[in-house]
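Just so you know, the protein sequences line up as chains A and B, in that order.
Note that numbering that gives the first Met the number 0 has the first sequence beginning at 0, numbered continuously upward.
Note that numbering that gives the first Met the number 0 has the second sequence beginning at 0, numbered continuously upward.
Quick caveat, the hints were computed from the structure, so don't treat them as lab data.
A quick note: this is a predicted structure, and the numbers were derived from the prediction, not measured.
Incorrect hints may have been included.
[Unchecked claim] The calculated lysine-lysine pairs, modelled on DSSO-like cross-linking and capped at a C-alpha distance of 30 Å, are: (1) A:Lys135 - B:Lys344; (2) A:Lys344 - B:Lys344; (3) B:Lys344 - B:Lys135; (4) A:Lys344 - B:Lys135; (5) A:Lys135 - A:Lys344; (6) A:Lys135 - B:Lys135.
[Claimed, not checked] To list a few chain A residues with every Cβ distance to chain B over 10 Å, as calculated: (7) Leu134; (8) Asp177; (9) Leu219; (10) His394; (11) Gln414.
Ideal Cβ placement from N, Cα and C applies to all residues, glycine included.
There are 2 protein chains.
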Amino acid sequence: MAKSWATPGVDLHLEPTGPRVRRGLTDALREAVRTGRLSPGTRLPSSRALAADLGIARNTVADAYADLVAEGWLTARQGSGTRVAARVPTPSAQWGSTAVPPTGIAPHPRPRSRPAYDLLPGVPDLSSFPRAEWLKAARRALAAAPNEAFDYGDPRGRVELRSALAGYLARARGVRADPGRILVCAGISHGLQILGAMLRARGASTVAVESYGLDVHWRLLAGTGLRTVPLPFDERGTDPGQLTDQGAVLLTPAHQFPMGGTLHRDRRAAVVDWARRTGGLVVEDDYDGEFRYDRQPVGALQGLDPDHVVYAGTASKSLAPGLRLAWLVLPPGLVEEAARAKGGKDMCGALDQLTLAEFLNSGAYDRHVRAARLRYRRRRDALVAELARRAPQVHATGIAAGLHVVLRLPPGTEQATLRAASWQDLAVHGLHRYRHPDAPADPLDALVVGYGTPPDHAWSGALEALCAALPEADGEGSTGSPSPGP
Amino acid sequence: MAKSWATPGVDLHLEPTGPRVRRGLTDALREAVRTGRLSPGTRLPSSRALAADLGIARNTVADAYADLVAEGWLTARQGSGTRVAARVPTPSAQWGSTAVPPTGIAPHPRPRSRPAYDLLPGVPDLSSFPRAEWLKAARRALAAAPNEAFDYGDPRGRVELRSALAGYLARARGVRADPGRILVCAGISHGLQILGAMLRARGASTVAVESYGLDVHWRLLAGTGLRTVPLPFDERGTDPGQLTDQGAVLLTPAHQFPMGGTLHRDRRAAVVDWARRTGGLVVEDDYDGEFRYDRQPVGALQGLDPDHVVYAGTASKSLAPGLRLAWLVLPPGLVEEAARAKGGKDMCGALDQLTLAEFLNSGAYDRHVRAARLRYRRRRDALVAELARRAPQVHATGIAAGLHVVLRLPPGTEQATLRAASWQDLAVHGLHRYRHPDAPADPLDALVVGYGTPPDHAWSGALEALCAALPEADGEGSTGSPSPGP
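Here chain A stands alone, though its shape is the one from the complex (with noise of 0.2 Å):
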């Protein structure tokens, strides 16, 4: 094996063999990290030159080079190759740790994506999530909690929570609610999976959903034995005019996920008209309906007609997504069944639903929620500027509200660019992942970028990597490899 490396004198002493070769590869390079017989902060040579020294193919040292990077054991960053991580995953820091170091890689029980830089969409800052609150509203709630919310509990959920609920969504979100109508679920995707049984219960078949979402939400409703059928999809936002004999019809009215608009009042009548009209169901996901920047909050669908929307939302986006609480406001006649089609019992622990209810009453969820704002319009502010003024060729939409916004790229360019993301160590997703599978209109290429995610002292790191990651003005995009040792 010749010695053409990156840091002179270094033998990696590897031979892949075998028909999986990039395994073969990946596996050897692991197991040197892991026995530190490669010490962090080593440079490892470029995949060009170590593909000629092992005689492979470039693109296997590449992917097994990008595969360790996803894993943690490499990094890589553009200008300076691909060297093994300062801190690699290892066994006993399995967890104890409170933070996820200033840089470097996270520590986990087992070696799995945790790049450097987080801009996926959907998850709050959660270094911010406020434990000294937290703790003293589980300390009072547990002072004050009759025995009896020890027990198996109402399927609803919790009385104090739903009281503590029904006065907050009617203050800040214009909901109409009132205990009676609230179950409490664990996570807005368990309430779907409640909706879905409750609707196939009914003999509905079909639920509309928008062009672009959350697949996952696709697939329970799938689970559940009913078939998504998206809506049309423009600057107004999704289209109800294709809406007929539907079940039901999922919608983010206040902010598209992931697009980011908000739904046109004409259109937030019609779909209503057509609950009225037909029977069916709206059902409206307010995942973030808390952070909105510049003006007054757009007010729940659910308030113009509560018989005939269910209101859905969560703490995973005001608070934290491992809390899994979330609630559902229900037309009157709907509560029942959607009990049953809850399994007949509370599935939330009685301890969190009352520290909420108690964060809810004491103004700590206010004053909370109005600090992560600021937060994160500050956030949305740095991201916009520095848009601007490195990457003026691509266009940010949706950023009124919300932890995210979308880069629209060139036609074409998405992959090149998520590959390049990758090459700067930077977790992003693209919309393509976004879009439902039968949605009418083409494809966009654009990223999807949560801005809620980092830390604070991660965020302007990202931001760097990001910007390196976009396309040229000329639509190519920076397919950035490591650059070959000197």
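Fit chain B to the given chain A structure using the hints.
Chain B alone, transformed into the frame defined by chain A:
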């Protein structure tokens, strides 16, 4: 209306009319109590006297009284007649109280069955939930939690909890577990829903169950499309001889619910043989394996063959149902399927999971279980002694373990005994409700008496009420109605 009331000078001003006389009487009485027109402690006329006054059947009055006792508006004591409850449900007392009041009716958002004495099985003493210890564990767990604990989690649940459980279950229950094969779920019911969906996806159509068990479990399995087929039951427990091509069998080997016995060792072996021979799955519901009093706990059946037995355990009996935390230990090949059947997401709050992990690891769980075991054992002893003294004709079985006993009754007396219990303001279940409708043997008459539920201060009163309700030695139930006024 004549004025032959027990409390002279009080006229109830009731004029029940129309065909639904009982309903009308119940509503009128409830309204009179609710508005305060009948004040707390007021003694009502005997059912005989009121029936004569109103010109309606005595049973109608007795039934209306019983309904209102069950709802908490009235109380009934042998020898002191029927009275307006000392504390009646009021909307303003919906929550915030920290304990069930020492006597009388617990406040509740809507009037529903909340009798003075509760000997229903299936719920531990909720007043002994270790609030201070739990809060301590929560504080430590929250301080040590990595940020990613607040993210969407592994569908199997938090690795910290699964690791703590693997150690605990091996030590305390002889379960062969590793964290990778544990699935945290929101109660054993949730676990059965997951297993049911998995079995259906594998093409199973029937599940064998025990002749006596929880109807809610049979309904959950039916809800996933599985037919439940009961196996014969005799003094050695459930007979697995009739197992053939069922997809699975659901058993309570350590402590049959509700009969209370232990599955005979030959039958344990036969069940595992069946599973190996046919590829069927054994589901071991170990709902209260921690509580055995007179000898060493019976080890889990799962220890015999972890590749064919799913072990299901729960915190519902050892701590509290309100935590909504239970766990499945799965054969290696079923983990992915079960995680998919669960919906691919964790549904239990991360903080409760981390807190329970801390609770287990710190030894607080063992301490709590030891103290609870001692307390329940004392209650068991007091119950058995009191029965021997006051109702020697009643045979108690299943006393070696758990939180309930079965009191065998003379044939044909179960219904009368339950009515007598209701007049004692005592909630208790008959055995009939736990018998599978297709069970091969004739129904037995018995009471299923849970002694975990009452808080300590209510225990002797509950015991007193139970003994008063039991049938006389001649086999006739003491169907006491409130004695007429003086």
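A quick look at each hint next to the structure:
Using a Cα cut-off of 30 Å, the hinted pair Lys135 of chain A and Lys344 of chain B holds, with the two alpha carbons roughly 28 Å apart. Between Lys344 of chain A and Lys344 of chain B the alpha-carbon distance is near 19 Å, which keeps this suggested pair within the 30 Å criterion. At roughly 28 Å between alpha-carbon atoms, Lys344 of chain B and Lys135 of chain B fall within 30 Å of each other, so this suggested pair holds. With a CA separation close to 28 Å, the supplied pair Lys344 of chain A and Lys135 of chain B stays within the 30 Å bound.
For the hint pairing Lys135 of chain A with Lys344 of chain A, the CA-to-CA distance comes to about 28 Å; that is within 30 Å, so the pair holds. This hinted pair checks out: Lys135 of chain A and Lys135 of chain B have alpha carbons roughly 12 Å apart, not beyond 30 Å. Not every CB of chain B is more than 10 Å from the CB of Leu134 of chain A (nearest about 5 Å), against its label as outside the interface. The Cβ of Asp177 of chain A lies farther than 10 Å from every Cβ of chain B, with a closest approach of about 12 Å, so its non-interface assignment holds.
A Cβ of chain B approaches the Cβ of Leu219 of chain A within 10 Å, the least distance being about 7 Å, so the stated non-interface status is violated. Against the 10 Å criterion, His394 of chain A stays outside the reach of chain B, whose nearest CB is about 30 Å from its own CB. Listed as a non-interface residue, Gln414 of chain A keeps its Cβ farther than 10 Å from every Cβ of chain B; the least gap is roughly 26 Å.
The structure fails to meet hints 7 and 9 from the earlier list, while all remaining hints are met.
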